[in-house]
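Protein chains: 2
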Amino acid sequence: MSPEAITRQLAERVVGSDPLQDAPACEAARAGVLDWLASVLAARDDQGAERIAAALGQGAGRASVPGRPGRLPALDAALVSGYLTHALDYDDVHESVRGHPSAVILSALLAEAEERGASGADFLAAYVVGVETMCRLGLALGRSHYEAGWHSTATLGAVAAAAACARLAGLSVQATAQAIGLAATQAGGIRAHFGTDVKPLHAGLAARAGLLAMRLAEAGIAGAAEPLGGRLGYFAVFGGEDARPELAVEGWGEPWQIVRPGLWFKRYPCCSASHHAADAALAIRASRMPDITAIEEVTVTFPPGGDAALIVREPTTGVEGRFSVEYVVAAALADGELGIGTFADKPLRPELVALAAKVRRRYDSSVVPAPDAMPKGRFTIVTVSFADGSTLTQRVDCPRGAPGRPLSPEERAAKYADASRGLPAAWQDMPGKIARLEQLADMHSFIPDIQNIQEV
Amino acid sequence: MSPEAITRQLAERVVGSDPLQDAPACEAARAGVLDWLASVLAARDDQGAERIAAALGQGAGRASVPGRPGRLPALDAALVSGYLTHALDYDDVHESVRGHPSAVILSALLAEAEERGASGADFLAAYVVGVETMCRLGLALGRSHYEAGWHSTATLGAVAAAAACARLAGLSVQATAQAIGLAATQAGGIRAHFGTDVKPLHAGLAARAGLLAMRLAEAGIAGAAEPLGGRLGYFAVFGGEDARPELAVEGWGEPWQIVRPGLWFKRYPCCSASHHAADAALAIRASRMPDITAIEEVTVTFPPGGDAALIVREPTTGVEGRFSVEYVVAAALADGELGIGTFADKPLRPELVALAAKVRRRYDSSVVPAPDAMPKGRFTIVTVSFADGSTLTQRVDCPRGAPGRPLSPEERAAKYADASRGLPAAWQDMPGKIARLEQLADMHSFIPDIQNIQEV
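Taken in order, these protein sequences are the chains called A and B. If you want the working numbering, it's the 1-based position in the first sequence plus 198. If you want the working numbering, it's the 1-based position in the second sequence plus 198.
Here chain A stands alone, though its shape is the one from the complex (with noise of 0.2 Å):
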């Protein structure tokens, strides 16, 4: 293929598929978009989405950010959901983007969906082509992008955004091309601001950039031929020398990367760093409920850096608590749940912060990891003591919620339900909504409206 027309070739593509033939995708897909629904809603009281508004000023819309009162323009509900998606670091990971696909494709998808008044077939078809769009460019660009400091998930999730706008909004291909381009050269988001609202800001940006990307486009504004490819092009001054521009079509949709590798859901609203541990710590309080002021230390083992993300070593509150393994094991061991409220942003419980004390990190650098393992290399030991001299261990290597260990139907509606916990009955019956998804006429009607309203 010549690599002056990938992005064509990858336009083609997204027209032109047709995604809901797939049983499987069509399944992954309305799993999605209800995981992406319990993360919004968990996130719906953080007071960056009120910022943001602020700074955004004062229209009025036909969009809606889910669980928050009143309609936005399009364009600026696509960022504050974007945004909210990604708050609590919630929301799904995929292997192939090394982020979070549907934080920013479905903010931006519903946005434009509810403005247009689009049916949910075209939704969820939009939603497929995204995430393999976002997928592909990851694969495409290869392991450097991330590595020379761009956080993947905005870099990505514009152009995916722009190219599932332009599937719902049924562009030609020569229109989605341009889309493409035009999200292409708005991508940016550099993980210097890691670990604070910056990051969650830069998916509300991307979802932005790839909704705007697509109305430019519509409206005629036309850039490039070649955007992607070419020495000036997005794989080039992205990705640099790894980049494999053909990897952006070859194998599209065999299978859908919805389905395999497939979406990572978390289980609980911190850090995925953690996910071995808090599984970990479950499993051992599970297996014999521990009386905590017995405990004497706990030992958490990982492979060397693989508690880099977890940056937080004596949180004080929940917020912080979400980046520190010391607090997610202790309250895993000592509530046997890791739930919202967990990591409210309110002071830690005492009993808590002294258990969280008795935790200390470990490195070992000869345990082999599993096959499986998730992300690749990585595992967790967690081992507690107790005072009689007993210990009980349990070791961690693919995280339940990854691919490889998905959540049962009941624990994805569990997440879903403690998340929307609060609101108006209509949002109870949003997991029966999504299961039928593909005969909704309009997506107008798909959120419940909130007002200014008490929760029940």
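No lab work stands behind these hints: they were computed from the structure. It should be emphasised that the depicted structure is a prediction, and the values quoted were computed from it without experimental measurement. All C-beta atoms in this analysis are idealised placements derived from N, C-alpha and C, irrespective of residue type, glycine included. There may be inaccurate statements among the hints.
Residues on chain A that point at chain B, a partial pick, calculated with CB under 7 Å [stated by the list, open to error]:
{"hint": "1", "residue": "Gln384"}
{"hint": "2", "residue": "Gly386"}
{"hint": "3", "residue": "Thr394"}
{"hint": "4", "residue": "Leu414"}
{"hint": "5", "residue": "Gly421"}
{"hint": "6", "residue": "Leu430"}
{"hint": "7", "residue": "Ala633"}
We have chain A; now place chain B onto it with these hints.
Chain B alone, transformed into the frame defined by chain A:
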């Protein structure tokens, strides 16, 4: 200086310096505002602005796009103005930026100044500080940034616009540092799009991103403490090993970059790579009014690669002619002037097409460019050969308008008069209004409103 403190050091200078004490800086800034306004007005009928406004939706606000009817929300106005300023490539250039400072900075600043009702003095001070920021970022990133494929007008411009807007809004040092970081992570724009409408769109997107960054910081969104320095910061990601972050602040305001090297105001609304040939052809025309039917051949001699940006050899319209040295030379010889009408989106006059067909390009690596050549290493020699065997030759190394050969006040006024031709009387008063800009109490009344009127 600790490289970790570079963002704060920059923010301290943005907040704390006092450019209004420097008379040459104020004079240069007033000249920049007039030239910027001429560049926007010259492009006011460009169809791209309609398309972009359509893609953004129909919000109304307090910010103007000079020469266009109605007012928009400031974020949208910044985008459309940024696009329009750069649409004809008629706007100012700065060698430290390797791009176009005022298209981004003034488009963001005017929108915010109108919405806030800022004073003319604060507006001018913020502009000088914004140009300083953009130029020093260019020096700090080094040459490889542009060569890697980045469009520096956009990638530096977003951060500079944020700094300028933060200064205008009176943000604290800490909030200014946050605004800078929020813009740095929105920076983008790849050179693959050069030669299309997306190139000027980059200026608009950067203006909007910078203004949004300021507003997010003002609203309390906080990102990394050090977004510019460090391994994952802006300088490392966008500049690589060439970056010298300390140059972002060393020598700040001594003298102000808007004074020296200073802005290049373009004399003709066509590609700057053709300006040397334009000056030469106009000088030939002025020395002897040629009978153009008696011209046998015109040769235009460049250093190798000196015509890389002049990508059109057989133009059919004025828009294409903007990137054709053949047409620029033909029009200069035939008409003795190169105005906005010369490059209209209309078919070319047949006698100019015939003369352009007689123009040949040559390359000569043995010519030694002048020390003040602009850009460095550039020269152009135009030789006209007549049927009677006589020839006329002119050589230009530094074109009119570049800092080495600045336009006279009369020439700057003439550029504005040409650009504002056909607009109501209030627009003809703008040069005087800009000359008194420091006295203006409220920028909201600066730009005359335009109704949907017939132009006079």
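Hints, verified against the model:
1. Residue-level restraint check for Gln384 of chain A holds (minimum Cβ-Cβ distance to chain B is 5 Å; threshold 7 Å).
2. Using the Cβ-Cβ criterion of 7 Å, the hint placing Gly386 of chain A at the interface with chain B is satisfied: the shortest such distance is roughly 4 Å.
3. At its closest, the beta carbon of Thr394 of chain A sits 5 Å from a beta carbon of chain B; the interface hint therefore holds under the 7 Å criterion.
4. A least Cβ separation of about 5 Å between Leu414 of chain A and chain B falls short of the 7 Å threshold, and the interface hint therefore holds.
5. Interface hint at Gly421 of chain A: satisfied, since its Cβ lies 4 Å from the closest Cβ of chain B, which is below the 7 Å cut-off.
6. Using the Cβ-Cβ criterion of 7 Å, the hint placing Leu430 of chain A at the interface with chain B is satisfied: the shortest such distance is roughly 4 Å.
7. Contact between Ala633 of chain A and chain B, as hinted, is not supported at the beta carbon level, the nearest pair being about 33 Å apart and thus beyond 7 Å.
In this structure, only the earlier hint numbered 7 is contradicted, and the remaining ones agree with it.
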